Amino acid sequence: MLINCVAYQEGRKLADIDKREISNYLQRPDCFVWVALKDPTEEELEEMREEFGLHELAVEDARHGHQRPKIEEYGDSLFVVLNTIELGGEDLRFGEVDVFVGRNYVLSIRQRSEQTLLGVRARAEREPELLRNGSGYVLYALMDAIVDRYFPVLDAVELELENIEERLFAGTSPRGNIEALYYVKQKLTNLKHVTGPMLEYTGKLYGGRVPQVCAGLGEYFRDVHDHIIRLNQSIDSARDTVTTAIQVNLAMITIGESEVTKRLAAYAALVAVPTMIAGIYGMNFEHMPELKWEYGYPFTIGLMAAIDAWLWVKFRKSGWL
Amino acid sequence: MLINCVAYQEGRKLADIDKREISNYLQRPDCFVWVALKDPTEEELEEMREEFGLHELAVEDARHGHQRPKIEEYGDSLFVVLNTIELGGEDLRFGEVDVFVGRNYVLSIRQRSEQTLLGVRARAEREPELLRNGSGYVLYALMDAIVDRYFPVLDAVELELENIEERLFAGTSPRGNIEALYYVKQKLTNLKHVTGPMLEYTGKLYGGRVPQVCAGLGEYFRDVHDHIIRLNQSIDSARDTVTTAIQVNLAMITIGESEVTKRLAAYAALVAVPTMIAGIYGMNFEHMPELKWEYGYPFTIGLMAAIDAWLWVKFRKSGWL
Amino acid sequence: MLINCVAYQEGRKLADIDKREISNYLQRPDCFVWVALKDPTEEELEEMREEFGLHELAVEDARHGHQRPKIEEYGDSLFVVLNTIELGGEDLRFGEVDVFVGRNYVLSIRQRSEQTLLGVRARAEREPELLRNGSGYVLYALMDAIVDRYFPVLDAVELELENIEERLFAGTSPRGNIEALYYVKQKLTNLKHVTGPMLEYTGKLYGGRVPQVCAGLGEYFRDVHDHIIRLNQSIDSARDTVTTAIQVNLAMITIGESEVTKRLAAYAALVAVPTMIAGIYGMNFEHMPELKWEYGYPFTIGLMAAIDAWLWVKFRKSGWL
Amino acid sequence: MLINCVAYQEGRKLADIDKREISNYLQRPDCFVWVALKDPTEEELEEMREEFGLHELAVEDARHGHQRPKIEEYGDSLFVVLNTIELGGEDLRFGEVDVFVGRNYVLSIRQRSEQTLLGVRARAEREPELLRNGSGYVLYALMDAIVDRYFPVLDAVELELENIEERLFAGTSPRGNIEALYYVKQKLTNLKHVTGPMLEYTGKLYGGRVPQVCAGLGEYFRDVHDHIIRLNQSIDSARDTVTTAIQVNLAMITIGESEVTKRLAAYAALVAVPTMIAGIYGMNFEHMPELKWEYGYPFTIGLMAAIDAWLWVKFRKSGWL
Amino acid sequence: MLINCVAYQEGRKLADIDKREISNYLQRPDCFVWVALKDPTEEELEEMREEFGLHELAVEDARHGHQRPKIEEYGDSLFVVLNTIELGGEDLRFGEVDVFVGRNYVLSIRQRSEQTLLGVRARAEREPELLRNGSGYVLYALMDAIVDRYFPVLDAVELELENIEERLFAGTSPRGNIEALYYVKQKLTNLKHVTGPMLEYTGKLYGGRVPQVCAGLGEYFRDVHDHIIRLNQSIDSARDTVTTAIQVNLAMITIGESEVTKRLAAYAALVAVPTMIAGIYGMNFEHMPELKWEYGYPFTIGLMAAIDAWLWVKFRKSGWL
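Protein chains in written order, with the working numbering: chain A, 2 to 322; chain B, 2 to 322; chain C, 2 to 322; chain D, 2 to 322; chain E, 2 to 322.
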């Protein structure tokens, strides 16, 4: 689905144009066209491929989708795959934005994502002195917008982790904690799959040899790279925390088991000792003077209670009860 | 066994030729010969070695088989070892495709593998404008086909892992889970042995200095490299998941044991308390007024039942039963 | 809030100047201005941006704060983000110092930090022969001062770790130890987030190509770099120790549980054996000669005591009690 | 001990020569001398040092032995230390072959090793067209022979590991398994000490700048390098398997303990319930009608048996017995 | 404290000189001065700083001490920090040797170390043909001597580890083992802090661009580097062994616990079964024919003994007792 198709010159919007007019505008110097598609059909992709002369392998990637993030140079043009991430209930939902960037065109294709990119275009049009930098600046604006949206997702996962952390030392729900930690780790791994490859690629968009369309925008792409570094660092750190938390949880389980064992032993003692005493006075010896004593029975019961009380206090003191 | 032997010119099939005609075709400019063998005999290999002037060390590797994937340059020609992977019941089956590529020849040798490569030839012949790139393109087509077949194998292993994951938190079959996880890890390690070395080698087929036969095909070999990166990433991620799952399984076992201990303790209490009471009334004191009471017996039984009922409720509430 | 604003020439303080005079002094050769702000308002930042011609992206970073440590070149000037760390009760408190350095100016912005940097200015003014090196030396002095303050923080965390270590082998408070270790690890991770990125950046301030303002100060910046290496090494080492300590703690818990089990078993035996004997003499057989024996009862009690004494000695010897 | 001392020219053996004749042959062009020593005395080493002009530091290393594998350049000559590995009962036995290679000489010194290298000389002499490459080819032949002998050793260790693996899930001998795994890991570590350093060094014998004596033999040394890579990969993989197997073994132990606990609990219940019932009918109440019932006793015994039978079935079903 | 101060020319000792004469000798060509200090005072350091024109930052490092090993270039001179390690009872004691090396001087400062370096001077003076290489050779001699003294320290720690290893599978003192392993790991970490940084620095003293004073001594510094590699490898390997040993110890503890549980269960059964039987014959049914049987009592006792004997044999066979 075609979202919009606009021609820009000197950083200012010229006009919303029709798909068929694109080639006219591509010939004008200092002019570039920015086309936005959403979940395009085969035909739309083919149309664009012809219009902009895109490479077959790149178009095939866009057609199949489900690519890992990457930035590939095809001659003077770039093919950029970015992942979008959305919070969707319990899980993370991943979408994809494919961007083809040439000297005088930008083609952005949003796939399986509810996040609109209209705001990016609006912001870019409000800053003509920056948009004057051409198609490379549009690429920056798209990358910046998409990467900025990773932060709240990561924050949500980190919050989830902090909530588990609070329950961790209470030791009340080890089974729930371990399951929650397992799924937090899975989410972090998925996030890492998005930010990890980008780290490698964005580092090549500034300093040293850069693709031609990015020339002169080094400080902007370094800013994106810097965000990606921060994301990666936070993700790695959170993954490390999860690993430690799983270990801690295991320790808490073992500690909990140890405490249960002690409690059981204490209660067992409280029952076993009276049982032993009762057993003794249940013996059938003919000569057991206590049995004939009038207060034998209440005394014995009292003895049992006294021993149990003493044991109770002792167990309490040593923390077993 | 010779599968086929075909001469190509300008991207089009000239003719199926006889082994003895090869040298004639090798002399023609813009012409190349593509020979396919399957589990060749010593003689066939020797024949080919002489025909194409292959290096002794490379031929020796092809003769012995069981090589790790690699790409070696011998002067202007390449010796490429690729592994094939097939799902075979419980296990993975590994085969090998050795490819010798020179300016004007391709010799592909399939070993211990049921996967036919005829489809590769057919597809290449359907796209003469690409096949025009010569023997390097044939190498790409073979690599692309073989690497593409890794994905369903990895998917199957990942599915196996997801199935274990589902059983993991049920905690019902820890022994089965641990064994299954162990073998999934072995499979992933074996897959990694195939894709890990390739990552290093395919990265040298585009950008910078590349072997002469690969020249001008950078974007195609980058595509293969990109697939290998994705495979590696998925395998690494799955291996990481297995490691975590083993830890989780251990935690589940310990949690399970802890729960069993609590359950046992609860049942023990339900039996021990009545036993203690019975012991008390089994004592032989002469002066135990309750013993003479007419309703002593039913009252005691009732008391036992009441205590056990109370304990039962308490244990239930605290989750021990 | 403006802390102070001073012009320097030839390593000596010229005068405290007004914000509006800055541009006059910037034009003088061999003269530089050092402005210090604390938690500045938007207006103050904007003022400085115009005065010194700072890059919008850098100013935006300073405005938002909460950056990771970094050193970025914008043309001839540097934008440096440093983190300050303070011990605040149980936790570590992190602040930030942003430094903009150009050929003839230094702008240092302290954010969310109680650590005053006045001492740095005083020390720099006491050493005019060094301050003569210009704005780059001021950057060194600031970095040196801030990095030096990391050491006592790390020492405090290491002390905390040593205290836990001492309790570790006593095995008395496994639950407390594991929690303490977890939080020490978190602190070390946070420290690492400060020193890790700096390692990479400070290494680029000496040797090879260095930013112009740092030229000729290589030995000073290498000294800072050397401190950062030492911090990183100590942090890595402490983290490794925490990991081992968590493992050790888990082992101590398991050992402790094992010892409790043995103790319980010993006590259980001391009770169970007399109970069994009592049970035997509680049987109602008509022909049990011992029952009629006058000393049967005291003998049996004695037997019970003797067996228990023997068991006690045996358990003691084998370390179960 | 001098094994042999032979002069070669144009790839063919000239003659077995005496030690004192060496210098004569060294002066002839296209001629090289290959001396083999075994556990040499100080004097023999000194003699050779003078004859070939070896560097003092290299000779000292050869004298002391117990070096790690390495390849060092001393001017135009190479000093190569290779480790030999032999299976010796339970343990691995490590020996050493030191090789000094110059343009016109090879001095190989075998130390603490039973593996003869005579086969290498024989094979080299059978292939004069290769031996024509000179002293560098002899070095290759020695390295190739020694590295090839690592494979059966590694195979033996891997077989040992597979045997443990089979016992692992049976769970019968956890104590034996853990000990066996520990020693397998030690052996793998020792193997890695041999192959790890070689990886680094053999990679420098082909491609880019290579030592002069290795010039023109790139494909041969790459072949050795390739073998070393395979060994390293297999060792790393086996080490990883050992680590996982240790974890699995720990899990199996815990599972086993959990199963024992359940079994015990089941048997305890089978004894405790009849004991409780017997206790009840052992009470001394005057009014217990069942006691007077003629079939009270057999009925009670029957009841006990019935309950135990029912429990038995239940425990069986839930897998506790 | 000044240990000695000697001038050398052409590899031979000229004279023991006074501190005040140093500058005279520094001016002579081919002459160099070697001064040795031990725990110097501020004044001594200041004196030397002026005499040799040392850099303030390097002198400050020497003044503070407790540096990590490093090699820093200050113009044409080198500042080298080496750590000394001594076995001191249970712990390792770390000292420091700081070496300032210029074209015509060596200043070595020994701090907090009992290891005398007089032997180094003596050995150097015995080999004038090597000492002729100048101050760089003195640096080599000092490094070589200090690094050689690391080996016996590492051997002692490895021996300690082997002793623990032997106790490991006996399973007798898990608590002691874990504590011992923990401290061995700490020692290895401390050793690594000494050898790890040196690896990086010594690698820069030969091959490629080297500091001027080291020129022409590449083979000697490579020898030091080689020793450092061996130390590092051994330390890494020992650390790895400790990690595995901690895991193994944990497994042994769990196995031990499991065995205790089984033993307890077996003994419990030996007591519980007779108790149950006694309970049955303690019931008060009127009609229990066995009670009247004359041999009822001895038969029952016999029955108990027989069952226990049978259980004993069964438990023995299954390894529970």
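Calculated from the structure, these hints are not laboratory results. Please read all numbers here as calculations on a predicted model, not as lab measurements. Mixed in with the good hints, there may be bad ones.
For chains that are exact copies, the list does not tell them apart, and a pair is met inside one copy or across any two.
[What the hints assert, rightly or not] Here are the simulated lysine to aspartate or glutamate pairs, EDC-like style, with alpha carbons at most 20 Å apart:
id	residue 1	residue 2
1	Lys315	Glu260
2	Lys39	Glu115
3	Lys71	Glu201
4	Lys39	Glu51
5	Lys20	Glu295
A quick look at each hint next to the structure:
1. Lys315 <-> Glu260: Result: close both inside a copy and across copies, 16 Å intra and 18 Å inter.
2. Lys39 <-> Glu115: So Lys39 and Glu115 pass the 20 Å test inside one copy only (10 Å; across, 42 Å).
3. Lys71 <-> Glu201: Close inside one copy (9 Å) and across copies (18 Å); limit 20 Å.
4. Lys39 <-> Glu51: within (18 Å within a copy, 42 Å between copies)
5. Lys20 <-> Glu295: This pair counts as neither: shortest intra-copy Cα distance 112 Å, inter-copy 104 Å.
Comparing the model with each numbered hint stated earlier shows that hint 5 is the single one that does not hold.
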